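> Below are the chains, spelled out letter by letter.
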Amino acid sequence: MQVTINGQKETLQESAITVTQLLKIKNVDMPDMVSVELNGSILERANFETTPINDGDDIEFLYFMGGGVR
Amino acid sequence: MKFETKAIHSGFSHDPKTGATALPIYQTAAFAHDSAEAISDVFQGRKFGYIYTRISNPTVTAFEARVTQLENGLGTVAFSTGMAAIAAAVYTLVQQGEHIVSSRSLFGGTLHLFEDLKRFGISVTYVDATDVNAIKEAITPQTRLVFMETIANPKLDVPDFKAISEITKAHNIPLVVDATVTTPFSFDAKGHGVSIVIHSATKYMGLGGTTLGGTLTDLGTFSWKNTLTESVKEMLKKVGPEFAFLAKVRKQNVTNAGNNLAPMNAFLLQLGLETLSLRFEKHCSNALALAKALEANKHVASVQYLGLESHKNHALAKKQYAHFSGLLTLRLGSKEACFKFMNALKLVKNLANLGDSKTLAIHTASTIYNDCTPQERELAGVYDDLIRVSVGLEHPDDIIADFAQALEQIGG
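Protein chains in written order, with the working numbering: chain A, 3 to 72; chain B, 217 to 628.
Okay, chain B solo, but in the shape it has when bound (with noise of 0.2 Å):
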């Protein structure tokens, strides 16, 4: 089946006891058994079954079997958001005293996360994605994931994955990717020697960026037996080698910390992952048609989007990703023009999010990344001219006239 099969039919295709073509929402906080025994077996993992909804949930399970499907992995633990789903393959992977290599040019969220792991003894060293040996030569002994995103979101670097993930499979480690900006329709991660892949499901899966909801996949293709990881290591003889990795995710992060996807928004982003491609391609040729006209915009100092052949990293994406994403950049040359541009707009709308079927734009200098130093910015990528915009589905039209009239507002 291709994507946009299994994007409606994978993991729920009708309700057996009904009929229903709709997933059911199992909007219930525990499950009654019909007698101790069985109760008991289900506590004990001898028998399939649901306990309570923070531990598991059919609304959630079918979500995360879809996206399992779509992704051609090994099985998906669903988050209440991406970033849980990051803090997951984090604190599962790393403990005191060993250490993370990540892109540096990572999304505001990501990056706060990492620093925030200082007080656990956990080291980051940041390197340049784009940098294979930079990468290579940051693994220590103490190492035990390489995290990268697919598009540096808002610097739109990209690394080369099959590079990487030589590297990190010499050194035993797992190459963990963002995949967000992407989305599983355009970034076959598998394919490409990625192991665990981690979507913010409330970007593109979900619709109209109403949903919340994050997605961590095991795309069984690393190694558990030999893992360094100690929290692993342990669930071999529990799980066996497969599921060590997921089962250790679930438990600790899910089970323990609480970090489970409400049932409603698993109905939600099931139902938005059936329309996925669709949009998708609609966001990837608008934002090339607004792209194409801010090159042409005399207030506009430079654009960055990948699909523009002139950009650097417009080749390797190419190479790497159907699709080039809805994100793109501009910068207007100084903080005065982004307000008064930002201030002009009256469809696009100024907020913190990207996916949306509404076209968003951001000053992310003076919002997601107020609180950096100006180091930090400058290895995201992050300009005070910079003005950061989410493509969305109106008819490109309105959105390049949108974009226009604002412009003229910055004047000289």
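Chain A on its own, in the form it takes in the complex (with noise of 0.2 Å):
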């Protein structure tokens, strides 16, 4: 399916994946300290297991801890 991550369009293999393993795919820095914005919107760290993500979902990875803070 095709989703954009922090504004790159890409493509993933999978069809049907949760947050927890797009997190794990994406080999993300620190996913401890990673808060999720799906669409517009902050998932809570207790939904990313049960979470989907759907072909055109806009996700984006965002670090407050670390650099910057918006």
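Please keep in mind that the hints were generated in silico from the structure rather than gathered at the bench.
Computed from a predicted model, the values in this text were never measured in an experiment.
Heads up, the beta-carbon is just placed ideally off N, CA and C, and yes, glycines get one too.
Do not rely on the hints blindly, as some may be mistaken.
Sample of chain A residues at the chain B side, in silico, Cβ under 10 Å [what the hints assert, rightly or not]:
#1 Asn8
#2 Ile44
#3 Phe63
Since each chain sits alone in its own frame, please combine them into the complex, following the hints.
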């Protein structure tokens, strides 16, 4: 499926994955400290395991503890 | 992994680039990036990276991560000093027109900080930390936090954290605790319902009274989703409920106010953590030995140490803390006696600090609390004839001998 991650269009091999799986696939830095914004809304960490990523989704990985803070 | 192991391996175990097993000291003001896109991504928070040491620094990040693991918390922000960490908690959680409920037997520095909040339209109600009902009664719709210390310095009050955390939870406000005197080794803040735990790392975490630093850890026990604090509410949409408080603390107090911990200090404090458990056990066994010797000394009117079964807070301290700390007080009957005693000490150092490897003593009424009113001193448990002692790591025989010879000089 096609998704946008941090402003970049990407094609994922998988057709059905959760946010948790996406973090692993993208080998995201510091997964314990990353916030995830899905289609403009910040997700609660407790929901990472159960929230699906769908075709056309817009995902932002955000770090507030390290570098910049929005 | 047990505490002692985490203290050596968490946050940093070895440098993957060079194999160095000691934490590199990134003594740098700022960090270069490979491209304009990369640095912009880091500024926007889209990419994990470093910009400027006032915001964050890898040496400091490693220290923060180790403290987070030792407290079993969600995240830690490090500060230049313990007072900066306390100030950060307060400046983040409370604004004009709002209110704090605090223990009244506070460390002098904290008391002065809280008193100055009046200028900003923030009011504080001071209550007996050991009176759970009084704490409950003091909370108003404007209260934004309850502040306690694990062991009141120097009054040795011990709050009942399980009881207090139930009250703060019911009122949807965080319980903020200064656990400097007990350290993460001796007090399981998370297990006792504490929301935010603060340490002056300068004291027991650091080695030999050399290095100033402070830590503020969000234990992940308080749900920020429905927070009453406006400044944290604003962060919910930006970073989510889990990190909303920590993000605001970092942005406002470290990035904006510049109270960051220096990389060199982070290195030294990280190193200190490795032996915290060993050193703290020795501080505590020495303190008990000294307390017992002082109890038997004819020049001593009374000695206060939580490890003595005679102390009224002994049972609660034993229930909540694995060790009783190195903090004890003695009363010598008069200010004159105190000054004679202090001036006769040879080994023990006369200064304002805690947790040094050297045994320290100070007459608190004429120093730390000298500009407090008699009423403030009374509430803090500071008397004209009181000496506060921070028992060090010397051989207990030598500590006891120095106290004995100095007490002889009181005469009478």
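> Looking back at the hints listed earlier, which ones does the structure fail to meet?
none
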